[in-house]
Amino acid sequence: IVALLNPKVAIFFLAFLPQFVVAGAGPVWAQLFLHGVLIIVVAAFIEPPLVLAGEKLTEKLRNSPRFGLWLDRSLGTILIALGLRLAIEQR
1 IVALLNPKVA IFFLAFLPQF VVAGAGPVWA QLFLHGVLII VVAAFIEPPL
51 VLAGEKLTEK LRNSPRFGLW LDRSLGTILI ALGLRLAIEQ R
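Sequential numbering of the sequence shown, starting at 1, is according to my numbering.
If you're looking for bench data, these hints aren't it; they were derived computationally from the structure. Heads up, some of the hints might be wrong.
Here are the in silico distance ranges between beta carbons for each label pair [claimed, not checked]:
id : residue 1 : residue 2 : range
1  : Asn63     : Leu38     : 35 to 41 Å
2  : Leu84     : Lys8      : 33 to 39 Å
3  : Trp29     : Leu71     : 46 to 52 Å
4  : Phe20     : Asp72     : 43 to 49 Å
5  : Ala53     : Leu86     : 33 to 39 Å
6  : Ile11     : Arg66     : 40 to 46 Å
In this text the structure is predicted, and so the values were computed from the model without any measurement. Virtual Cβ for every residue (Gly too), placed ideally from N, Cα, C.
Sequences are here, hints too, so could you generate the full structure?
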């Protein structure tokens with residue numbers, strides 16, 4: 001439902017799908033409709049396994065104190081480096 005209400009999605013498909021319309025292969029609206037349906041069907045089979053895999057990975061990483069410590073240290077190092085860069089930058 002989010003994709004239906006998002007104008008960027010409509011603009012993307014209006015720019016992307018017409019290049020696959022073949023002149024003389026039938027009504028343009030029917031070709032665009034078919035391509036849209038194919039995208040929805042393919043997404044219906046591809047996205048659920050990705051979501052489930054992401055859920056499992058998230059659960060595993062949240063329960064890992066070692067990963068949390070690594071993440072905290074990594075992000076802390078990045079923030080310190082950015083702060084130092086900002087502090088020594090000349091204007």
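These are the hints, each one checked on the structure:
For the pair Asn63 and Leu38, the beta carbons lie near 39 Å from each other, so the given range of 35 to 41 Å is met. Range check, Leu84 to Lys8: about 37 Å between beta-carbon atoms, so the 33 to 39 Å window is met. The supplied range of 46 to 52 Å is met by Trp29 and Leu71, whose beta-carbon atoms lie about 49 Å from each other. For the pair Phe20 and Asp72, the supplied restraint of 43 to 49 Å holds, since their beta-carbon distance comes to about 47 Å.
Evaluation of the 33 to 39 Å hint for Ala53 and Leu86 yields a pass: the beta carbon distance comes to about 38 Å. Between Ile11 and Arg66 the beta carbon distance is about 44 Å. The supplied range of 40 to 46 Å therefore holds.
Hint violations for this structure: none, all hints satisfied.
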